[in-house]
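Protein sequence lines correspond, in order, to chains W and S. Residues in the first sequence are numbered from 709 upward in steps of one, following my numbering. Residues in the second sequence are numbered from 22 upward in steps of one, following my numbering.
The hints are simulated quantities; they were obtained by calculation from the structure and are not laboratory data. Mixed in with the good hints, there may be bad ones.
[Claimed, not checked] Heads up, simulated PhoX-like pairs for lysine-lysine below, C-alpha to C-alpha not over 25 Å straight-line:
no., chain 1, residue 1, chain 2, residue 2
1, S, K198, S, K238
2, S, K203, W, K823
3, S, K133, S, K203
4, S, K125, W, K823
5, S, K115, S, K36
6, S, K238, S, K94
7, S, K128, S, K115
8, W, K823, W, K734
9, S, K115, W, K914
10, S, K115, S, K134
11, S, K198, W, K985
12, S, K125, S, K115
13, S, K238, S, K134
14, S, K94, S, K128
15, S, K134, S, K36
16, S, K259, S, K238
17, S, K94, W, K821
18, W, K821, S, K36
[To be verified] Pair ranges (Cβ atoms, derived):
no., chain 1, residue 1, chain 2, residue 2, range
19, S, N95, W, L845, 43 to 49 Å
20, W, D888, S, G334, 55 to 61 Å
21, W, F824, S, Y31, 41 to 47 Å
22, S, K198, W, D888, 53 to 59 Å
23, W, I847, S, Y31, 52 to 58 Å
24, S, T77, W, I840, 56 to 62 Å
25, S, S156, W, L926, 37 to 43 Å
26, S, E137, W, M737, 54 to 60 Å
No residue lacks a Cβ here, since even glycine has one placed at the ideal position from N, Cα and C.
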Amino acid sequence: MSAEAIATPLTDASDRLSRPLLRPSKVLMWSVLMVGGLLMVLPFIFMVSTSLKFNNEIYELSLLPKEPTWSNYQFLFEETRFFRWFVNSLIIATITTVSVLFFDSLVGYTLAKFKFRGRIFVFVAILSTLMIPTEMLIIPWFLLSRDLGWLDSYWGIMFPGMMTGFGTFLMKQFFESVPDDFLDAARIDGLNEFQIWWEVAMPLVKPALAALAIFIFLGNWTAFLWPLIVTTSEDLYTIPVGFAAFSGEFTTDWELIMTGATVATLPTLLIFIMFQKFIIRGVMLTGLKG
Amino acid sequence: MASVSIRKVYKSYGKVQVIHGLDLEIAHNEFVVLIGPSGCGKSTMLRMIAGLEDITGGEIHIGERVVNNVEPKNRNIAMVFQNYALYPHMTVFKNISFGLRAAKLPKHEVEKKVAEAARILGLEDLLLRRPSELSGGQRQRVSMGRAIVRDPQVFLFDEPLSNLDATLRHQMRTEIKLLHQKVATTIVYVTHDQIEAMTLADRIVIMRDGHIQQVGKPGELYHNPKNTFVAGFIGSPKMNMLPGEARSHNGAPHLALGEDLLIPLPDRGAHLREGQRVIMGIRPEDVVMVNGQAPGANSWLHDARINVVEPLGSESLLILELGGQSFTGKCAGRIEPAAGTTAQFALNLENMHLFDHESEQAIN
Ligand SMILES: Nc1ncnc2c1ncn2[C@@H]1O[C@H](COP(=O)(O)OP(=O)(O)OP(=O)(O)O)[C@@H](O)[C@H]1O
Ligand SMILES: [Mg+2]
Numbered sequence: 709m710s711a712e713a714i715a716t717p718l719t720d721a722s723d724r725l726s727r728p729l730l731r732p733s734k735v736l737m738w739s740v741l742m743v744g745g746l747l748m749v750l751p752f753i754f755m756v757s758t759s760l761k762f763n764n765e766i767y768e769l770s771l772l773p774k775e776p777t778w779s780n781y782q783f784l785f786e787e788t789r790f791f792r793w794f795v796n797s798l799i800i801a802t803i804t805t806v807s808v809l810f811f812d813s814l815v816g817y818t819l820a821k822f823k824f825r826g827r828i829f830v831f832v833a834i835l836s837t838l839m840i841p842t843e844m845l846i847i848p849w850f851l852l853s854r855d856l857g858w859l860d861s862y863w864g865i866m867f868p869g870m871m872t873g874f875g876t877f878l879m880k881q882f883f884e885s886v887p888d889d890f891l892d893a894a895r896i897d898g899l900n901e902f903q904i905w906w907e908v909a910m911p912l913v914k915p916a917l918a919a920l921a922i923f924i925f926l927g928n929w930t931a932f933l934w935p936l937i938v939t940t941s942e943d944l945y946t947i948p949v950g951f952a953a954f955s956g957e958f959t960t961d962w963e964l965i966m967t968g969a970t971v972a973t974l975p976t977l978l979i980f981i982m983f984q985k986f987i988i989r990g991v992m993l994t995g996l997k998g
Numbered sequence: 022m023a024s025v026s027i028r029k030v031y032k033s034y035g036k037v038q039v040i041h042g043l044d045l046e047i048a049h050n051e052f053v054v055l056i057g058p059s060g061c062g063k064s065t066m067l068r069m070i071a072g073l074e075d076i077t078g079g080e081i082h083i084g085e086r087v088v089n090n091v092e093p094k095n096r097n098i099a100m101v102f103q104n105y106a107l108y109p110h111m112t113v114f115k116n117i118s119f120g121l122r123a124a125k126l127p128k129h130e131v132e133k134k135v136a137e138a139a140r141i142l143g144l145e146d147l148l149l150r151r152p153s154e155l156s157g158g159q160r161q162r163v164s165m166g167r168a169i170v171r172d173p174q175v176f177l178f179d180e181p182l183s184n185l186d187a188t189l190r191h192q193m194r195t196e197i198k199l200l201h202q203k204v205a206t207t208i209v210y211v212t213h214d215q216i217e218a219m220t221l222a223d224r225i226v227i228m229r230d231g232h233i234q235q236v237g238k239p240g241e242l243y244h245n246p247k248n249t250f251v252a253g254f255i256g257s258p259k260m261n262m263l264p265g266e267a268r269s270h271n272g273a274p275h276l277a278l279g280e281d282l283l284i285p286l287p288d289r290g291a292h293l294r295e296g297q298r299v300i301m302g303i304r305p306e307d308v309v310m311v312n313g314q315a316p317g318a319n320s321w322l323h324d325a326r327i328n329v330v331e332p333l334g335s336e337s338l339l340i341l342e343l344g345g346q347s348f349t350g351k352c353a354g355r356i357e358p359a360a361g362t363t364a365q366f367a368l369n370l371e372n373m374h375l376f377d378h379e380s381e382q383a384i385n
């Protein structure tokens, strides 16, 4: 609107009122956005609708189930260990996310704000871990877990993801944009270095923390390969590993998978909504004036 | 209240030495301004006093105490930063009280101190705002508030006004001066704005490349610069500085500038050797257009061509060609001479400065 006001500074209010409400360019823009949005949510809608269908209807591409039913949900929670897997996933994703946020930002901060011998070396070493694909690490991880007795345990599932090179790198970059004067001011105010990190630097990189949290939580929530390999007892399965069991050699219980997926989406949705607010507020807050 | 004494202080970053054995005594309650070109080590010096930077060699005393190994928070200092360094996620109240709360002061005492600081700085109505909702001047006041509540023995300012526009800078300058009168403390103030230095300082310290060039009262530096650097640095517009040669003419000592200009030397220059090369300095206000009224008794008159006129209102700056040399001179604002015309100028030679050509030190 302001752009228009600048472009046509002479049009007065009455002129603006007589203008048609829907101008072609606006209509076009909204249409394109709506189609795009629909395409995005379509799989989601299919997932929800399939979860409400009976088994014999699942290959029909109807959006509305003929006879909506909660039976899949009932079956999922009563006859399978889905609830347990859900809790497992929640515990694992939450702990790894908190751990990553804590350690990655601590290391990133140290690398960004302190000069010490070997700093570059440490940084390059951390960066270089980004270049090793997970598939290559699975065997060493497995051998390590076997020798240390971590197989088939929460810790076994979580330990590779408790710190990440990516997060460290990301946080280092963000902490570098925090002016040193903030930290110096806090030093004079009498905070110790840990307090400075926690009370001054961390609030300033909230947007980065939020982005990293979403990223790490989703990554662990959907992690499949390593949890599959390291777990043997069904009680330790995470949601994706459990789902794999629904998909047998000859039949796949799509309606169950979709039901599970629907439930599994809820926490990610929640996390996203929660942290998205953070990201936007964070951007507004960081009104750093140079 | 405390004195600060800096004794033979060195600072190196790796192999590069940036402060070379600096000595400075700052008295109780004194307002000292460090000034110098970019990179001369002003901030480094200030940060060493604050304890934010290690001292490579020498000693810094605050009061009776050697503070080389004392943590910043225990040095009884407060610092105001150029970009204010206000925590954007905290309100003004929280920003000001941050240090007090970190020191676990009782709540009512924190509130009392913040209220007092807010009163001094006129921030009472802004305590619940965030820094992003403040103007530049208000932000700088908040960061001064944060310094005041610490009841420091020494205030350190690092270019606190350089992010403000000219009007606000002038206003804040006055406020800082008032602040110094209200809360009597020692102040060390870094700036590269010489007007700030002249107006605020009890004493000015001029630095260059990690060395002190001259320390003195503003007037002292202005009227008796020790070398060409100080002479050129203090004063705006800059002092005219021209290389010349001592030459006796009609039995009196003169100074030859270029081919065509021969200026009689004041008594101070009488001892110069024939042919000795010097740099002559004369401030623009001592090169004044003669316009009807009789020139001063010690003036030396010469015609000059006016090349450029820069009216400032109360006066005008004139870029002149005088005897083949370029000078900056002045005339009263109402005169309005036209560029390209020629007029007579009076040079007040009593105020002439003479510097040695090689060492660039003042010759007395
Ligand atoms: N952390 C550092 N590492 C290496 N050299 C530094 C560091 N900090 C400052 N220096 C160098 O020390 C010298 C003095 O810097 P300083 O910041 O004190 O200058 P300054 O007088 O405050 O300049 P300005 O007016 O630009 O703020 C400069 O040459 C600078 O390059
Ligand atoms: Mg500086």
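Which numbered hints fail: 2, 4, 5, 6, 8, 11, 13, 15, 20, 21, 22 and 24
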